[in-house]
Amino acid sequence: KRLPELLFSLNSARGPSEIHSVDPESGKVTQWTRAYAPQGIDVASFSEQKVVRWPSFDGRQISGLLSMPPKRFTGKRPVLVVIHGGPEGQATIGFLARYQYYLQELGLALIQPNVRGSTGFGKTFMTLDNGRLREDSVKDIGALLDWIARQPDLDAWRVLVGGGSYGGYMSLAVATHYADRIAGAIDVVGISHFVTFLENTESYRRDLRRVEYGDERDADMRAFLDRISPLTNAHKIKKPLLVVQGKNDPRVPYTEAEQIVAKARANGTPVWYLRADNEGHGFARKENADFQLYTTILFMQQTILR
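Start counting the sequence shown at 29; every next residue gets the next number (my numbering).
If you're looking for bench data, these hints aren't it; they were derived computationally from the structure. These numbers come from a predicted model, not from an experiment. Some hints here could point you the wrong way.
[Unchecked claim] The list that follows gives simulated cross-link-like pairs (lysine-lysine, DSSO-like), each with its CA atoms no further than 30 Å apart:
#1 K104 x K78
#2 K167 x K291
#3 K78 x K151
#4 K267 x K291
#5 K264 x K275
Starting from the given sequences, assemble the full structure and let the hints guide the process.
Now the structure itself:
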């Protein structure tokens, strides 16, 4: 009996997923779909991703993906650090989509770190940020800033940190811990205070998140979560902040964005706030996603592209 063909998808930093099949008997690979780029765009010139590693505060090796702009951009390059959500997520090699615009047209370097708590590095690594270990992952970004400062082609004085969901929390946390080492932060649907987040996120996911972050109903844990939350430390945010939020977010309620925006503005921090009332946990509608892209580019021009 003939073995069935194996179907799989394959993508890279230069192109979206394409469908292939392989015949297990002959080894023949057939490509069934082919992505195409608009006329005039040479995808072969798109930036690739490479793995980089740096030691963190406790000697543990942390890794991430680095993409560099074309060589026509000379001198030390400004850096965009994009932190994934989850926190049990992972930055992997894959199509960079709109990030390629930042690389190809704006000349930014892109770093996608996999801080402790990420998947793909073993069960122990995934639990190294749980509960009271939360800020150890923030220290991993501090160590990344040290690594950036040692690179001859990266500009440590022009670093913008951003991320979505948990990555949004991380961006806010970095802005409170390392305000003098970044040029700005981008918080997309991020947590600004763990207690209010746990109390207001949809009930179906509340207990699951308590396993990760801690149970806010316990007095000691509640005090700890309050102490480390970006909202509590908003007075330490000195550099410009871009906050992006969907009004209908069932995971991270829009009030998380509203409260950090209000607090940071009251402290005199420059804040750009983009809220879409017809979006949820991230912008899915093209017109909103495009507006977010243009807003982000303008924010970059005001922070790291001067």
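Verification of the hints:
1. K104 x K78: Distance of about 18 Å is within 30 Å: holds.
2. K167 x K291: holds (24 Å)
3. K78 x K151: holds (24 Å)
4. K267 x K291: Measuring from Cα to Cα gives roughly 14 Å; hence the hint holds.
5. K264 x K275: holds (26 Å)
When each numbered hint is compared with the structure, no violation occurs for any of them.
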